[in-house]
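Colleague: Sequence:
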Amino acid sequence: MTETISKHERNLAAAIHASTFSKFFIPFGNFIIPLVLWTANKNEHEFVDYNGKQALNFQISILLYAIVLGMISIPFFVGFLPDVFEFDPFGFRNLNNFNINFDSNDFRFGKWLLPVGIAGLAQGALFVVNIVYTILATLRTNEGQTFEYPLTIKFIK
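First residue of the sequence shown? That's 5 in the numbering used here, and the numbers climb one at a time after it.
Mixed in with the good hints there might be a few duds.
Pair by pair, the computed Cβ-Cβ distance ranges are [said to hold, decoys possible]:
{"no.": "1", "residue 1": "ILE30", "residue 2": "LEU125", "range": "21 to 29 Å"}
{"no.": "2", "residue 1": "GLN127", "residue 2": "ASN47", "range": "34 to 42 Å"}
{"no.": "3", "residue 1": "ASN146", "residue 2": "GLY124", "range": "30 to 38 Å"}
{"no.": "4", "residue 1": "GLN127", "residue 2": "GLU50", "range": "30 to 38 Å"}
{"no.": "5", "residue 1": "GLN127", "residue 2": "GLU48", "range": "35 to 43 Å"}
{"no.": "6", "residue 1": "VAL120", "residue 2": "SER10", "range": "43 to 51 Å"}
{"no.": "7", "residue 1": "ALA126", "residue 2": "PHE28", "range": "18 to 26 Å"}
{"no.": "8", "residue 1": "HIS12", "residue 2": "LEU125", "range": "38 to 46 Å"}
Quick caveat, the hints were computed from the structure, so don't treat them as lab data. Predicted model only: the values in this text are computed from it and were never measured. Where a beta carbon is used, it is the ideal one built from N, C-alpha and C, also for glycine.
Can you make the complete structure from the sequences, with help from the hints?
Modeller: Here it is, written out as structure tokens:
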């Protein structure tokens with residue numbers, strides 16, 4: 005397939021994938037810049053059209069997964085809020101009895117730490133998957149190979 009794809013098409017397709025890293029410099033750059041590059045060139049080159057759809061679908065899917073993970077972890081933070089206001093290791097509520105005593109019961113992190121930690125690890129894994137597969141897609145498309153991201157929902161067909 006590399007014989008039928010010009011160097012210009014391969015560079016454009018790789019630029020679309022690599023432009024998703026612009027999210028680190030421009031808010032929503034991972035959607036805006038690939039969308040501009042894709043819409044400007046999708047009618048001229050079939051390879052660019054395919055890769056633009058792949059990159060945008062993957063970025064939208066990653067955003068959706070991150071939102072779902074965030075929504076799953078919200079109840080754990082809300083459930084922890086009453087304990088934040090009860091946390092009083094220095095005894096400021098009772099100033100007549102001022103003591104600096106740390107008891108293991110003062111730290112009520114056990115019931116929310118595991119689920120929030122798991123959600124944090126899942127967000128970190130999602131971040132790593134995004135970086136790794138975007139680099140892989142950029143390299144493969146620059147070589148003229150087609151690349152399909154895993155875990156992608158086909159929003160744009």
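Colleague: Determine for every hint whether it applies to the structure shown.
Modeller: Hint check:
A hinted range of 21 to 29 Å holds for the C-beta pair ILE30 and LEU125, which are about 27 Å apart. Distance hint check for GLN127 and ASN47: the Cβ-Cβ separation is about 37 Å, which falls inside the suggested range of 34 to 42 Å. Evaluation of the 30 to 38 Å hint for ASN146 and GLY124 yields a pass: the beta carbon distance comes to about 34 Å. Hint check: GLN127 to GLU50, Cβ distance near 35 Å, so the stated range 30 to 38 Å holds.
Look at GLN127 against GLU48: about 38 Å separates their beta carbons, and that is inside 35 to 43 Å. A beta carbon spacing of about 49 Å between VAL120 and SER10 agrees with the range 43 to 51 Å that was offered as a hint. Taking 18 to 26 Å as the suggested C-beta distance range, the pair ALA126 and PHE28 conforms, at roughly 20 Å. The supplied range of 38 to 46 Å is met by HIS12 and LEU125, whose beta-carbon atoms lie about 41 Å from each other.
Comparing the model with each earlier hint shows no violations; every hint is respected.
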